[in-house]
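Trainee: Here's the letter readout for the chains.
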Amino acid sequence: MFVRLVYESFRRQRRPKLLAGVAITLGVGVATAMIAVATDIGDKISRELRTYGANILVTPQDDTLDLQIGGVDLKPPSDGAYLNEADLPKIKGMFWRNNIVGFSPMLAVPVTLSGSDGTLLGTYFSRRLIFDNHEFTTGVRNTHPWWKVQGAWPDDESPDVLLGARLAGKLGRKVGDQIEIVGQTHRVSGILSTGGIEDDEIVAPLAVAQWILGKPGAVRRVYVSAVTKPEDAFALRDPKTLSGAVYERWYCSPYPQSIAFQLQEAIPHSHAEQIRQVAQNEGTVLSRIKGVMLLLTLAALLASALAVSAAMATTIFERRSEVGLMKALGAGHAAVASLFFAESALLALGGGILGFAGGSLLARQVGRSIFGSTIAIEPVLFPVILAIAMVVTFAGSALAIRRAVQFDPVYALRGEG
Amino acid sequence: MRGRNPRTSMFLRMLMRAAVLRRGRAASALIAVVVAAAVTTAMLNLSADVQTKLRKEFRNYGANIVVVAKDGQSLPSDALDKVRSVLAGHGLAVPFAYVVARTANGQPVVVSGTDFDEVRKLNRWWSVSAWPSKAQDALVGTRAVAAVAPQGRPFDLSFRERTIHLSPTGTLRTGAAEDSRVYVSLSDFQAWTDIKPSTIEIGATGSSSDLAAMVQKLAEVVPSAEVRPVRQIMEGEARVLGKTRATVTAAAALIIATAALCLLATLLGWVFDRRRDFAIMKALGASGRFIGGFVAAEAAALGAVGAVAGFGIGIAIAVWIGRVNFHTPVAPRFDVLPMVLAGGIAVALLASVIPIFMLQRVEPAMILKGE
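Top line first, the protein sequences correspond to chains W and V.
Reminder that position 294 of the first sequence reads as 294 in our numbering, one-by-one numbering, no gaps.
Reminder that position 304 of the second sequence reads as 304 in our numbering, one-by-one numbering, no gaps.
A couple of the hints might just be wrong.
To be verified - Straight-line alpha carbon distances no greater than 30 Å define the calculated DSSO-like cross-link-like pairs of lysine-lysine that follow:
hint: 1; chain 1: W; residue 1: K229; chain 2: V; residue 2: K196
hint: 2; chain 1: W; residue 1: K240; chain 2: W; residue 2: K92
hint: 3; chain 1: V; residue 1: K56; chain 2: W; residue 2: K290
hint: 4; chain 1: W; residue 1: K174; chain 2: W; residue 2: K148
hint: 5; chain 1: V; residue 1: K196; chain 2: W; residue 2: K75
hint: 6; chain 1: W; residue 1: K44; chain 2: V; residue 2: K243
hint: 7; chain 1: V; residue 1: K82; chain 2: V; residue 2: K70
Claimed, not checked - Incomplete in silico selection of chain V near chain W, CB under 8 Å:
hint: 8; residue: L54
hint: 9; residue: K121
hint: 10; residue: W125
hint: 11; residue: G175
hint: 12; residue: V230
hint: 13; residue: G236
hint: 14; residue: A246
hint: 15; residue: A253
hint: 16; residue: L254
hint: 17; residue: G322
hint: 18; residue: N325
Unchecked claim - Stretches of chain V that chain W covers, calculated by requiring three or more beta carbons in the stretch to come under 8 Å of a beta carbon on chain W:
hint: 19; segment: 60-71
hint: 20; segment: 107-114
I should point out that these hints are in silico values taken from the structure, not numbers from a laboratory.
Even for Gly, the Cβ is constructed at its ideal location relative to N, Cα and C.
Using the sequences and the hints given, assemble the complete structure.
Mentor: In structure tokens:
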């Protein structure tokens with residue numbers, strides 16, 4: 001009898017049921033989309049923040065002091081220690097290898113160009129490396145995304161070079177010209193503009209710089225761009241003082257500190273340190289954006305809860321006379337309430353499933369159009385969303401159901417509720 | 001109300017009585033308008049404000065424009081004042097002078113003279129154990145400490161046969177070139193070396209077009225120097241800001257749409273519920289136009305009152321969000337009031353017109369019979 005009542009109610013009252021169903025679907029859809037976007041936004045913005053470039057710098061452990069003024073290295077190239085290029089692919093064998101967006105080794109050597117002193121910077125552009133049968137590409141195109149090249153990026157295996165924009169203007173060279181560096185001719189494959197000191201330099205594949213210096217495999221410093229977690233009090237602990245499980249937890253959190261620590265382990269005789277300008281600010285910017293999204297999600301949940309409860313209240317209120325009839329025929333409060341709750345539950349279930357599907361699509365669309373990548377929907381979100389839909393629908397209908405149950409059947413039947 | 005047209009006075013009286021007698025239903029409709037208006041106001045404020053607020057956060061990345069003297073020379077002595085006058089309070093300008101000095105045992109080290117009070121505000125990521133305050137206090141980079149002042153004792157540095165005696169007040173950690181340097185105050189530096197600043201780092205606030213204009217102006221004001229926008233900082237900011245703004249706008253639009261739909265549904269129910277009242281009016285001889293006007297006036301009043309109240313609450317929410325998330329007060333944007341007001345009245349009117357239109361085709365007798 002109960003099932004039949006519910007069934008008939010849905011069959012006969014298609015319009016109001018549809019209205020309530022649509023409201024629930026919309027509300028759940030918006031909530032799903034917002035929760036999905038908000039849970040993923042940290043990761044997405046982290047990746048965007050990598051536009052700021054490397055956040056960890058690896059240098060030789062017992063290096064002499066840097067003598068850098070305005071980006072120009074005044075230290076004689078023979079001075080100080082070097083890292084070994086052959087150790088670099090090991091970076092991709094680290095615990096947090098998937099968080100490493102890229103790395104670029106750098107080696108600056110002094111050269112004479114048509115009578116005046118200049119600097120040649122050796123690096124990777126987009127070098128293919130293999131570690132553990134796993135191939136990957138890395139170089140300044142990952143770690144220095146603000147470098148712009150007019151012409152073409154040189155191949156890392158070739159002797160082609162990039163000419164800094166200001167230097168090219170001074171020397172009067174164009175893309176495709178030849179340039180003589182230390183007795184060898186190189187082709188200028190492109191003009192580089194960075195807005196920094198590189199505009200006055202020649203940028204060449206690492207092997208060219210190593211050959212000029214006469215030290216194969218030498219690397220002065222490595223810029224590493226890693227996706228990190230904003231540091232907290234725990235991140236600042238010294239790993240040497242941590243024990244067992246606490247150490248594990250520190251090691252397995254992608255803090256800038258722990259990634260730097262692992263880089264030091266991966267590359268022998270190295271010192272890795274976070275570049276505070278980039279790493280520190282990342283955390284604050286990220287937490288502000290996450291905060292905004294959290295507040296927006298709360299607002300979305302509130303708005304959809306209100307929409308659902310308003311729709312439920314309206315549909316129930318319209319059925320006063322039906323309640324009156326049921327009560328006149330002897331139905332108790334519990335029977336009437338359970339009928340309405342069963343209907344609400346069915347609506348919540350249907351609307352919840354549809355809304356989840358629609359919201360997921362919406363989130364994907366937002367991800368694709370704004371970030372150019374899809375937003376991952378966690379499967380665990382489904383039961384959570386369904387539970388939220390149930391709770392909101394019940395909470396929204398509770399007040400209306402209470403009022404409906406308390407109608408005096410006489411008035412309700414006369415239509416004077 | 002004496003002397004007025006009796007029709008008007010009846011109309012007003014009906015509006016008043018409707019609000020007073022049906023308090024419960026009218027109140028719930030009003031609450032719906034208030035909530036929707038509050039949510040909309042807060043969202044509009046937030047999406048308009050998030051850009052300004054985040055831009056302030058991005059200034060913590062430090063200089064976005066650098067003025068550098070050409071080829072190792074110094075900047076003219078009035079350069080800093082000129083730069084500051086161009087900025088006109090929209091940012092910070094910090095001078096830096098550099099030399100390579102030698103320690104007591106002959107090791108070369110880069111020494112920089114700067115304005116500590118300003119650099120502290122510009123480069124907030126500098127991790128400093130203690131900022132120098134007295135003359136001949138020095139800030140020593142963490143890598144330079146071992147070479148310069150291993151036990152934290154006062155030390156001598158020499159440049160062109162002139163020696164300065166410094167005491168290491170604090171250590172500096174940045175993870176970049178600064179770690180290998182020694183920083184002293186600009187006055188100590190100039191007294192010691194006679195060298196003027198060669199670089200001015202500028203952290204300017206504003207949109208990308210503001211900054212481009214500023215770069216141009218700076219180049220005109222200090223023609224002997226090169227003015228470089230720091231592309232790493234500018235591009236990163238533009239990118240992250242753009243994406244965040246797009247996300248927040250999309251989310252705000254969704255939420256506003258949900259709130260508007262919720263309001264529409266509530267008001268539809270509210271008007272539809274009162275069909276018996278309208279039927280009685282009609283039976284007593286009111287014209288369709290009169291009833292339509294009555295409902296519309298009622299809805300418009302409800303929309304207006306709700307929108308204004310909701311606007312106030314929404315502004316309060318926006319101010320609260322600003323304080324909680326960005327730790328700075330938000331300047332409430334009163335220019336969204338007309339938008340919220342128009343939106344509230346429009347939705348209320350829409351919600352009242354639909355049911356009236358439907359009811360007009362029904363005979364009053366049918367409604368009064370309860371069918």
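Trainee: Does each hint hold? Answer for all of them.
Mentor: Comparing the hints with the structure gives:
For the hint pairing K229(W) with K196(V), the CA-to-CA distance comes to about 41 Å; that exceeds 30 Å, so the pair is violated. For the proposed pair K240(W) and K92(W), the alpha carbon gap of about 24 Å is at most 30 Å, so the pair holds. Restraint check for K56(V) and K290(W): satisfied, since their Cα atoms lie roughly 16 Å apart, inside the 30 Å limit. Simply put, K174(W) and K148(W) have alpha-carbon atoms about 15 Å apart, close enough for the 30 Å limit, and the pair holds.
Taken as a hint, the K196(V) and K75(W) pair is honoured in the structure, with Cα atoms around 23 Å apart against an allowance of 30 Å. A distance of roughly 10 Å separates the Cα atoms of K44(W) and K243(V); the hinted pair therefore holds under the 30 Å criterion. Using a Cα cut-off of 30 Å, the hinted pair K82(V) and K70(V) holds, with the two alpha carbons roughly 17 Å apart. About 6 Å separates the beta-carbon of L54(V) from the nearest beta-carbon of chain W, less than 8 Å, and the hint is met.
Against a cut-off of 8 Å between C-beta atoms, the interface hint on K121(V) is violated, since the closest Cβ of chain W lies about 14 Å away. This hint holds: W125(V) has a C-beta 4 Å from the nearest C-beta of chain W, less than the 8 Å allowed. The closest approach between the C-beta of G175(V) and any C-beta of chain W is roughly 4 Å, which is under the 8 Å cut-off, so the hint is satisfied. The restraint placing V230(V) at the interface with chain W holds, with a minimum CB-CB distance near 6 Å, inside the 8 Å limit.
Look at G236(V): its Cβ gets to within about 4 Å of chain W, closer than 8 Å, so that hint holds up. The closest approach between the C-beta of A246(V) and any C-beta of chain W is roughly 5 Å, which is under the 8 Å cut-off, so the hint is satisfied. Because the beta carbon of A253(V) sits about 10 Å from the nearest beta carbon in chain W, more than 8 Å, this interface hint is broken. Given hint, L254(V) at the interface with chain W, holds; its Cβ is 5 Å from that chain's nearest Cβ, closer than 8 Å.
Hint status for G322(V) relative to chain W: violated, with the closest Cβ pair at about 11 Å, above 8 Å. Below 8 Å, beta-carbon pairs count as interface contacts, and N325(V) has one with chain W at about 4 Å; its hint therefore holds. Figure legend: the segment 60-71 of chain V, annotated as covered by chain W; annotation consistent (4 residues with Cβ-Cβ distances under 8 Å, at least 3 required). A count of 4 residues in the segment 107-114 of chain V with a Cβ less than 8 Å from any Cβ of chain W is obtained; the coverage claim is therefore met, three being the minimum.
In this structure, the earlier hints numbered 1, 9, 15, 17 are contradicted, and the remaining ones agree with it.
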